[in-house]
Amino acid sequence: MQRHLISAADLTRDDAVLILDTAEEMARVADRPIKKLPTLRGRTVVNLFFEDSTRTRISFEAAEKRLSADVINFTAKGSSVSKGESLKDTAQTLEAMGVDAVVIRHGASGAPYRLATSGWIDAAVINAGDGTHQHPTQALLDAFTMRRRLVGRDAGIGQDLAGKRITIVGDVLHSRVARSNVDLLHTLGAEVTLVAPPTLVPVGVERWPCEVSYDLDAVLPKSDAVMMLRVQRERMNAAFFPTEREYSRRYGLDGDRMAKMPEHAIVMHPGPMVRGMEITAEVADSERCTVVEQVANGVSIRMAVLYLLLGGNEPAVSHARTTEEK
Amino acid sequence: MSKILIRGAKVLGGEPQDVLIDGEVIEAVGTGLSADGAEVVEATGKVLLPGLVDLHTHLREPGREDSETVLTGTRAAASGGYTAVFAMANTFPVADTAGVVEQVYRLGREHGYCDVQPIGAVTVGLEGKKLAELGAMHESAAGVTVFSDDGKCVDDAVIMRRALEYVKAFGGVVAQHAQEPRLTEGAQMNEGGVSAELGLGGWPAVAEESVIARDVLLAEHVGSRVHICHLSTAGSVEIVRWAKSRGIDVTAEVTPHHLLLTDELVRSYNPVYKVNPPLRTERDVLALREALADGTIDIVATDHAPHPHEDKDCEWAAAAMGMVGLETALSVVQETMVDTGLLTWAGVADRMSVKPARIGQATGHGRPVSAGEPANLTLVDTEYRGLVDPAGFASRSRNTPYEGRELPGRVTHTWLRGKATLADGKLT
Chain A
1 MQRHLISAAD LTRDDAVLIL DTAEEMARVA DRPIKKLPTL RGRTVVNLFF
51 EDSTRTRISF EAAEKRLSAD VINFTAKGSS VSKGESLKDT AQTLEAMGVD
101 AVVIRHGASG APYRLATSGW IDAAVINAGD GTHQHPTQAL LDAFTMRRRL
151 VGRDAGIGQD LAGKRITIVG DVLHSRVARS NVDLLHTLGA EVTLVAPPTL
201 VPVGVERWPC EVSYDLDAVL PKSDAVMMLR VQRERMNAAF FPTEREYSRR
251 YGLDGDRMAK MPEHAIVMHP GPMVRGMEIT AEVADSERCT VVEQVANGVS
301 IRMAVLYLLL GGNEPAVSHA RTTEEK
Chain B
1 MSKILIRGAK VLGGEPQDVL IDGEVIEAVG TGLSADGAEV VEATGKVLLP
51 GLVDLHTHLR EPGREDSETV LTGTRAAASG GYTAVFAMAN TFPVADTAGV
101 VEQVYRLGRE HGYCDVQPIG AVTVGLEGKK LAELGAMHES AAGVTVFSDD
151 GKCVDDAVIM RRALEYVKAF GGVVAQHAQE PRLTEGAQMN EGGVSAELGL
201 GGWPAVAEES VIARDVLLAE HVGSRVHICH LSTAGSVEIV RWAKSRGIDV
251 TAEVTPHHLL LTDELVRSYN PVYKVNPPLR TERDVLALRE ALADGTIDIV
301 ATDHAPHPHE DKDCEWAAAA MGMVGLETAL SVVQETMVDT GLLTWAGVAD
351 RMSVKPARIG QATGHGRPVS AGEPANLTLV DTEYRGLVDP AGFASRSRNT
401 PYEGRELPGR VTHTWLRGKA TLADGKLT
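Chains as they are written, first to last, in our numbering: chain A, 1 to 326; chain B, 1 to 428.
Please keep in mind that the hints were generated in silico from the structure rather than gathered at the bench.
You may find that some hints are simply not true.
[Claimed, not checked] These stretches of chain A come out as covered by chain B in the derived footprint (C-beta under 8 angstroms, 3 or more residues):
#	stretch
1	39 to 49
2	86 to 99
3	120 to 133
4	139 to 150
All C-beta atoms, glycine included, are put in the ideal place defined by N, C-alpha and C.
Next up, chain A with everything else stripped away, as it sits in the complex (with noise of 0.2 angstroms):
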């Protein structure tokens, strides 16, 4: 493992497959009354926020509060950034306060990376969304969740996605989400396929490790999996398509075509979701879709993310437990 988590693409596939593996281990804390590992007692996490996402910094903050890390949460919004503080000097002002690790979302695609690379600060950072770049533990989450849908939860362990079809739907070319998965699949073995009005697909696409159609119709019976992108309603008025009913028509998952996925296949989504516009409230609510459970993996996954790279060698108090429970 590196030191930081900026980029899915950074991962090799034994990395990506101990994050899965050890997200089990951690979602089974989770079943415990007691929710609650000591492993990062005493460490500092300060999750940085420089745009609004409440559901991945809950997430962030429910998973190093169960690790026993110390948490401070940062907003720019009310803060010196909205002062016009640089990056650079508020991640110092953090680090002198004795930060271990920086969990850091922004807007500017390559902050985090920045964060990483600048000899700014010495502590760990880990990605939480930056622009249109990357955002590797939603990549991550859904490629555990995947894996316990596709694989199974026991079978899975040790294993990666090696030939299943994934099929990604939507807004791609303003998306972290999927350039992630993109990377994270491929290093898994998956086959992609991304799915989009060709407004909303990249130039300079085709270097990328998937396959791209216009067709969703013709994709469908062929994925084991549906990830369904937000799209934003503002993106008409920029000429991306013409109408939110004609993108729901053409690029909406419905009850009937769910129908034409195998059987097995599920649905997914990263949230929030635009109900009537990519995805309608019957395929949200349908028990393909897994939505609830994303966001459930996601807490496992981010704490397997901070226990890997701040834990270090330490010995895996998860692992001892669950053994002895076994």
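Starting from the structure of chain A, add chain B where the hints point.
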């Protein structure tokens, strides 16, 4: 002592010769010239060029003296072998009146490191809406002949047409920063494989090429000449080549960084590589070199763009666009054009002195190295190789993309009308 004997220099890279300077002019060029009464500069093995001329420099004064002033910028120019620079108009206030261009012109003369020829804005406040008083700037003491809204594109086709027509009255030229604004909203880097991966807004090649295509056709239609700033794509080269073959009066420049660097460097997210137009692909770089060699691109211009440290020591999206270039330009051209066999030193003199002086009508610059000509000269140690160290720059800013990179060549002497502005690598 008013006489200087430059002994044994390879004039334009040719056979060793002596060059005798008397006062402001070259008195003689030949072999075995007498050193009697002259200060001798040993130049054996070095290459002597006419003083370099930069058609595209940002001196930042007035308004952004925290990044550069006319003094620090012209010292940087002298360090890099330049004897004349054209100062872009995007200052605060904008150089869109006779008053501002005269101030910049006068500061250059007073400091005496390098002639400063101001460029006037095409439109008031660089806003692209209303023509600035181009005639008044031309008639001012600064004698402006080059007009540009550089930093912004004159994107309104009618304004561009009128500007091209209007400056014909006094032999002016419009230098276009070709960037279709709508296609580059939120643009952060070249649009392609790397931008797709990095999630940075794309600056497509077509945003440059479509404006160049329009402007060469406009220049043809109204019978004017047009100059294209910082060409950066293979497609732009094709359009200019086509325009020239059609007899259209177009000239074009390329920056040193577009001859050497590609968008792969942006993977570092280090804003030192953030520039407008953006770094493109290897294919573009090779096309630009070829075009400079065959004359499709007329000149090298630095687009020297100083920025204070804090504007680069930040995340990519927040960073300013631009790189300093005056002190590394000749080295980059040696690396990319001379050492690759694409251009001779005589060719370098043509692209970096003769032609830019001609396009900008800088009288007294870009002249042959021969008796009777003004002694504007640059002496280069072409055998030198060293690492670029921004700490040694004369420029007030340090935003170079070449820090720590090994580059060939070093300017050891620069003479402006017979006066050394740089001697043995040190500013005077």
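Per-stretch coverage check for the stretch 86 to 99 of chain A, three Cβ contacts closer than 8 angstroms to chain B:
It holds: at least three residues are needed, and the stretch 86 to 99 of chain A offers 3 whose Cβ sits within less than 8 angstroms of chain B.
If you look at each residue in the stretch 120 to 133 of chain A, do at least three have a Cβ nearer than 8 angstroms to any Cβ of chain B?
holds (count 4)
Stated coverage of the stretch 139 to 150 of chain A by chain B [criterion: 3+ residues, CB within 8 angstroms]:
Violated: only 0 residues of the stretch 139 to 150 of chain A have a Cβ under 8 angstroms from chain B.
Given coverage of the stretch 39 to 49 of chain A by chain B, tested with a Cβ cutoff of 8 angstroms and a minimum of 3 residues
violated (count 0)
When each numbered hint is compared with the structure, violations occur for hints 1, 4.
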